Amino acid sequence: MEQSKVQEAEKMKETDPVPPMKAEEPNAACVSALDMILKSLMRTTMFSCDLAITLYPLAHQRFIQDYLAHLYHLFLNKLSLVTEENGGVSEILINVLEILKSWNSHLQFDDLVKMNCTRCKMNTDYPPQPSFGIIIVANSLRETKSAFEDLTFERILKVIKINSMIPCKTEGCEKLSYVDHIIPKLPSVFTIALEWENNETGEEILATTSVLATEIDISKIYKYEGESPHTKYNLVSMVCSHGDQYACVAYENNGWVSYFPSEQQVIGDWGSVLNTFIRLNMRPEILFFENDMQRKTIVNAQINTPSDVKFTLVQKWHTLQIFLFCLLPQS
1 MEQSKVQEAE KMKETDPVPP MKAEEPNAAC VSALDMILKS LMRTTMFSCD
51 LAITLYPLAH QRFIQDYLAH LYHLFLNKLS LVTEENGGVS EILINVLEIL
101 KSWNSHLQFD DLVKMNCTRC KMNTDYPPQP SFGIIIVANS LRETKSAFED
151 LTFERILKVI KINSMIPCKT EGCEKLSYVD HIIPKLPSVF TIALEWENNE
201 TGEEILATTS VLATEIDISK IYKYEGESPH TKYNLVSMVC SHGDQYACVA
251 YENNGWVSYF PSEQQVIGDW GSVLNTFIRL NMRPEILFFE NDMQRKTIVN
301 AQINTPSDVK FTLVQKWHTL QIFLFCLLPQ S
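Here the numbering used here is used: the first residue of the sequence shown is 1, the next is one more, and so on.
Please keep in mind that the hints were generated in silico from the structure rather than gathered at the bench. None of the values given here were measured: they were computed from a predicted structure. All residues carry an ideal CB built from backbone N, CA and C; glycine is no exception. Wrong hints could be hidden among the right ones.
Pairwise CB distance ranges (calculated) [as the list claims (entries may be wrong)]:
| no. | residue 1 | residue 2 | range |
| --- | --- | --- | --- |
| 1 | SER262 | ASP110 | 19 to 29 Å |
| 2 | MET293 | GLU143 | 30 to 40 Å |
| 3 | SER262 | ASN199 | 21 to 31 Å |
| 4 | ASN275 | GLU225 | 37 to 47 Å |
| 5 | GLU195 | GLN265 | 23 to 33 Å |
| 6 | ASN77 | GLU263 | 26 to 36 Å |
| 7 | LYS169 | ARG279 | 43 to 53 Å |
| 8 | GLU143 | SER272 | 24 to 34 Å |
| 9 | CYS173 | SER262 | 55 to 65 Å |
| 10 | LEU76 | GLU263 | 20 to 30 Å |
| 11 | ALA28 | ILE94 | 15 to 25 Å |
| 12 | TYR178 | GLY268 | 40 to 50 Å |
| 13 | GLU263 | ILE99 | 45 to 55 Å |
As a list, the in silico SDA-like pairs of lysine to any residue whose alpha-carbon atoms are at most 25 Å apart [what the hints assert, rightly or not]:
| no. | residue 1 | residue 2 |
| --- | --- | --- |
| 14 | LYS145 | GLU200 |
| 15 | LYS296 | GLU215 |
| 16 | LYS161 | GLU149 |
| 17 | LYS185 | GLU91 |
| 18 | LYS220 | LEU280 |
| 19 | LYS185 | HIS230 |
| 20 | LYS114 | LYS39 |
| 21 | LYS39 | VAL137 |
| 22 | LYS121 | ILE182 |
| 23 | LYS232 | SER131 |
| 24 | LYS145 | TYR126 |
| 25 | LYS39 | THR297 |
| 26 | LYS101 | GLY226 |
| 27 | LYS296 | GLU154 |
| 28 | LYS39 | LEU280 |
| 29 | LYS145 | ALA213 |
| 30 | LYS114 | CYS168 |
| 31 | LYS161 | MET115 |
| 32 | LYS145 | SER219 |
| 33 | LYS161 | ASP125 |
| 34 | LYS185 | PRO127 |
| 35 | LYS223 | PRO130 |
| 36 | LYS232 | VAL179 |
| 37 | LYS220 | GLU143 |
| 38 | LYS114 | TYR126 |
| 39 | LYS185 | ASN123 |
| 40 | LYS39 | ASN281 |
Given the sequences, and given the hints that come with them, work out the whole structure.
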């Protein structure tokens with residue numbers, strides 16, 4: 001190569017350096033889903049299960065927001081590994097709970113599977129599987145409801161769940177048989193995740209969401225072998241897809257409200273929620289149901305705590321805040 005061309009090439013390297021590699025960032029839809037998952041979780045009383053922080057809910061909510069803000073970079077790092085193809089919104093929730101380990105115990109429970117083989121009559125117990133709830137294909141709700149019009153939401157979930165079959169472990173048998181799903185202990189919050197297609201019509205969205213209910217009895221979905229008689233759960237919040245963005249729909253002050261990235265809207269009763277789904281082409285993807293008795297216990301503790309005890313507890317809580325913030329990873 002001629003000397004002049006060598007010099008010209010060297011000059012180009014100096015004036016036009018190779019741009020530095022950028023770390024892969026999560027897409028906007030994943031970030032929007034993350035924000036609304038956190039907002040939906042904050043609507044459950046599991047974030048207020050410590051008596052001290054139920055005393056002044058607004059101060060508690062501000063602390064939680066600050067706490068989550070300190071952890072936000074960890075959430076984003078997790079999101080960089082999540083795409084819509086490898087799990088979507090439910091996968092984002094699982095990643096969030098892996099970071100918030102002290103809170104995921106409120107949602108996680110053991111799903112015990114037992115099978116009674118219809119051929120060899122052998123009973124088989126399988127190792128318990130940790131679970132946060134049920135993941136179902138959305139169109140299975142409307143298809144099951146169409147086939148069995150009289151079934152309630154709980155019964156439809158049970159039908160969908162028990163439809164799974166596994167082979168018998170007895171050597172030489174291996175017959176496929178239905179299984180029982182058993183829970184020995186109730187979770188504080190029960191989660192239902194709906195997996196949607198991308199092209200549902202308004203009629204299909206209505207046919208699916210009209211199956212949903214705001215109250216469920218978990219003992220009608222699973223075989224419950226625990227001691228607590230309080231098996232009813234109320235729907236408190238939902239993460240809903242809205243085009244390429246997400247929204248939180250939550251029950252507050254005896255009515256439903258929606259939280260979008262830039263605004264809050266009052267919806268009203270449950271019928272209005274269903275109409276909103278159709279009008280805005282919204283799809284509920286994660287539903288958070290909270291144990292009704294636990295919620296009432298926390299609320300009653302807040303109401304009945306004497307003022308002097310409240311003051312002492314709040315002082316201890318402020319001290320705990322400082323300690324927790326010292327433990328947070330630095331961004």
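Which hint numbers doesn't this structure obey?
1, 13, 18, 20, 24
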